[in-house]
Amino acid sequence: MGVYDQGNGRVQFFDQESNYVTSFKIYKIYFDMTANKDGLIFAVPNRTSLQDPLIDVINDKGELLYSFGETLKFKHDWNQLNQANLCTNSDGDLLVAFRYWQIVRKYSPQGKLLAEYNIEHPYMKSLEKENIKKANMSSEKDKKGGYWLLNLAIQAKENGFFCYIKVFL
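Residues in the sequence shown are numbered from 10 upward in steps of one, following the working numbering.
Because the hints were derived from the structure by calculation, they are not lab data.
For glycine and all other residues, C-beta sits at the position ideal for the given N, C-alpha and C.
Treat the hints with care, since some could be wrong.
Pairs of lysine-lysine, DSBU-like flavour, derived with a Cα cap of 35 Å [what the hints assert, rightly or not]: (1) 46 - 115; (2) 121 - 70; (3) 82 - 115; (4) 82 - 34; (5) 134 - 82.
Ranges of calculated distance between the beta carbons of each label pair, as one might list FRET restraints [to be verified]: (6) 81 - 47: 23 to 33 Å; (7) 61 - 117: 15 to 25 Å; (8) 47 - 122: 12 to 22 Å.
Turn these sequences into a full structure, and let the hints guide you.
See below:
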């Protein structure tokens, strides 16, 4: 099991009895991480430009191997609006659920986009419309309130995935 300690900037690994195994230092801020069965660690980085990739892939020593994935484009708040939750399926593919959108992407471990899904749910659709409206405002001052969080977590299943949402009204 791996634990990302964002405050201390490190990833720690434990065995099945919760004994410490190893750790490595991280020099970048990540919003979410997951690993596949081959030990590749996929992470959603804090981006410094809109052109930065969506996903970083690191090894068990914390070394960046490669990056991939195109971000969604917005006038402002693009770093926040491209935050995503991650999980891998039994094939080792990566599922990326955007936190503020009804979009889930499926990538191969090498970064090839295999599929993009739009979650069809009327309630989520109305919240996404509000997020789109706020994201396309002409300035930061025009927005009132924050964005609606649509995807709290994602979990791979045999023939698909589950997305979990939590809405505060």
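Going down the list of hints, with the structure as the test:
1. 46 - 115: Roughly 16 Å separates the two Cα atoms, so the pair holds.
2. 121 - 70: Judged against 35 Å, a Cα distance of about 24 Å means the pair holds.
3. 82 - 115: It holds: about 19 Å lies between the C-alpha atoms, which stays within 35 Å.
4. 82 - 34: holds (31 Å)
5. 134 - 82: holds (19 Å)
6. 81 - 47: 23 to 33 Å: holds (28 Å)
7. 61 - 117: 15 to 25 Å: holds (20 Å)
8. 47 - 122: 12 to 22 Å: holds (19 Å)
Checked against the numbered hints above, the structure breaks none of them.
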